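Trainee: Protein sequence lines, in the order shown, are assigned to chains A, B and C.
Each residue of the first sequence is one higher than the one before, starting from 1342 at the first, in this note's numbering.
Each residue of the second sequence is one higher than the one before, starting from -12 at the first, in this note's numbering.
Each residue of the third sequence is one higher than the one before, starting from 4 at the first, in this note's numbering.
If you are wondering where the hints come from, they were derived from the structure by calculation, not from laboratory data.
All figures in this text were calculated on a predicted structure; none of them were measured in a lab.
Glycine is no exception: its CB is placed at the ideal position from the N, C-alpha and C atoms.
Careful: at least some of the hints might be erroneous.
Far from chain B, by Cβ distances over 10 Å, these chain A residues were calculated [unchecked claim]:
(1) Arg1389
(2) Gly1469
(3) Thr1536
(4) Ser1542
Beta-carbon label-pair distances, calculated as ranges [unchecked claim]:
(5) A:Tyr1626 / B:Pro119: 30 to 36 Å
(6) B:Val152 / A:Pro1597: 39 to 45 Å
(7) C:Thr68 / A:Asn1627: 22 to 28 Å
(8) C:Glu123 / B:Pro119: 54 to 60 Å
(9) A:Asn1627 / B:Arg27: 54 to 60 Å
(10) A:Arg1464 / B:Asp163: 40 to 46 Å
(11) B:Asp163 / A:Ala1551: 41 to 47 Å
(12) C:Val150 / A:Gly1534: 55 to 61 Å
(13) B:Ser56 / A:Asn1448: 45 to 51 Å
(14) C:Glu123 / A:Ala1391: 25 to 31 Å
(15) C:Ser19 / A:Thr1365: 47 to 53 Å
Incomplete in silico selection of chain B near chain A, CB under 8 Å [unchecked claim]:
(16) Leu(-1)
(17) Ala0
(18) Ala7
(19) Ser100
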Amino acid sequence: MVASERGQLLLIGGIAVAIVVFSTILFAHSLAVTDGITTTGSADTIERSADREASVERDLGVLAARTRGDDLDGFEERYENALRNYTRTHNRVVASSGGTYLNATLNESASLGTEVNQTTASRFNRPGGTGSNVHWDIARSVDRVVVFNLTVTRIPGVGREFIVKVEGDSGDTWKMVVTEPGNKEVAVTPPSGPTTTCSGSGDADVDLLAGTCDIGGTPGTFPSFTETLDAPYTVRIEKGNRARGTYRFAAIGNFPGTSYDSGDTAPYPVVPAVDTTYDTPSASYNRTVRVGVDDG
Amino acid sequence: MRGQAYTLEGVLAAIVVVTATVYGLSAVDTGPFQTGTQQRIAALETRASDTLSLAAETGALHNATACYSVGTPTLNGNQTGSSTEFEMMLNRTFDRQGNQYNLYLSYWNSDSSARQTALVSQETGENVADRPADAAVATETVTLTDDMPARIGDCSGTGPPLSAVDGYFAPDAEPDSVVYNVVEVRLVVW
Amino acid sequence: MDSKAQTPQDFAVGVSVLLVTVIGVLAFVQGSAVGVYESPDVQRNQPIADRAGTYLVENYSVAGTRNHVRYNTSGGINASLNADTDDLRDLKEKAGLIVATERRVNPRVNVTVVNASTLEAGARTPAVDDHGERLAWGPSTDGRTNVASTSRVVKLTNATGQCDPVCWLVVRVW
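Next up, chain A with everything else stripped away, as it sits in the complex (with noise of 0.2 Å):
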């Protein structure tokens, strides 16, 4: 080596001490700081993480939506066998992009909302607890109603009245009057505004949700209380011992023991509740979602 050539050794000394004069310049500053060079690449796997489970449970909110339909009892497994698909799919479509692995499962312990209903034709009477038999509460304090179906299929008798009683937050009432005076008529009173009325004969199938009635293949369309009414709602039946007929009621809300005995109440999932489990590289977590049912 030329080390005897001064020249050459105050260069490589000159470079020696440029480096060793830059990493201490570097450690002492993250000594002295926490904040590491690292931290925007964790923030960005946050937000990430925060939009792949936005559009997730959104997806899950159209599949609650579309499983819906008419038939109750079948709800919680067309939905489960839904949830499988749309895993099984996802899981393969996000794969390539190096996308999430997803599991999504029913919880039905967690989800919300209860029914209520009479299968076969008879009074309208408290199914169970204490109190009067014939003036009760369906619920109180109702926030989300799903199905709301009544038929009456007779009011024995002359000049008897069934009613069907909501009352809004703010204290308004919307009354359903059933009579059968000849034909039968369904007469709506929404807080404000005119009354109106199906009549027909036959059985009557109302639809307290959607507002139509069909007595005996004569339809009619009425204001539903929940235009017309704020949230939370009381739901009552008055002179329920007056009429005969069937109903089904689920919601979320509060089913009172003056009203039903345990085993009169059953769960229904009015908002289900989700089991997401999701798996990436860099994290791996669950969360139990309620699922907000809209039609996406």
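Start from chain A and add chains B and C according to the hints.
Mentor: Below, chains B and C without anything else, positioned relative to chain A:
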């Protein structure tokens, strides 16, 4: 002669030390150390993911996915004169700001050769591969069910359901279920 | 070899060490020196702008939606920012932007909303709403360079067609 060599090498050593010191001191700052290019790409990525989120939220992305390839000429990446809401969003946010983008629609097909279609922004023409390696990417998934109507016209009119319509770009991935297909929309911007 | 250093081999080694160092320094400095002498203000203020933008979008979004910002409703962005005196001090506190130290003053923040037709023209002038109010809050940025800015793509509620299809919420920090 030797003296000049010493001087030269001494000066160079000094330059090296000073440069290292200046560079080191300027590199230390409490902000994340991102170059100008990295910041630009990060801003584009935020914008792309915001646009896709907003489009999915308002339903514009769903409409655009359900109408692509079903007899409507407006959704083809052409930026002039289109009235499809999703196209207009991309136009205002990217084309008019001088950015170019490619849109990739990935779906499931048991035939592995046909699992992705691509739309390109008008400026770059048909050359799908012509994009820089450091472009910003955002993705969003759209779920299609058998009974959803295909969108026609400017993607707001409804047509026959997807399971029955001809010429839709994605096949029915799960024939015995209500799920039709899952489309992943990927937006690459630069 | 004898110890006299003026032999050709020694000269070759010495000159090559010199040349390698010269070329290395020039190549190394050329890329990074430009970056080093870029204004550090924009780099330093960029995360501040990002954080302010994220806070505005997340806080004023309609519950359960993404990027739909409440504009004219109570507690919406118009009412809150109009009531924010002293150069948007309240916004800075809530978003955690009061970071003054001995070497650095608090950042100055300006928030504007750009509507869809302005975006079509490629400009960034603030929108004017139906009551003639300009959608710009905070000190003005006229004539300033070295301003870090973040733009978020949003839709304003009750904005009557100005945000069709999108609006931008632009936060500028200097």
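Trainee: Which hints from the list above does the structure break, by number from lowest to highest?
Mentor: Failing hints, ascending: 1, 6, 8, 9, 11, 13, 15, 19.
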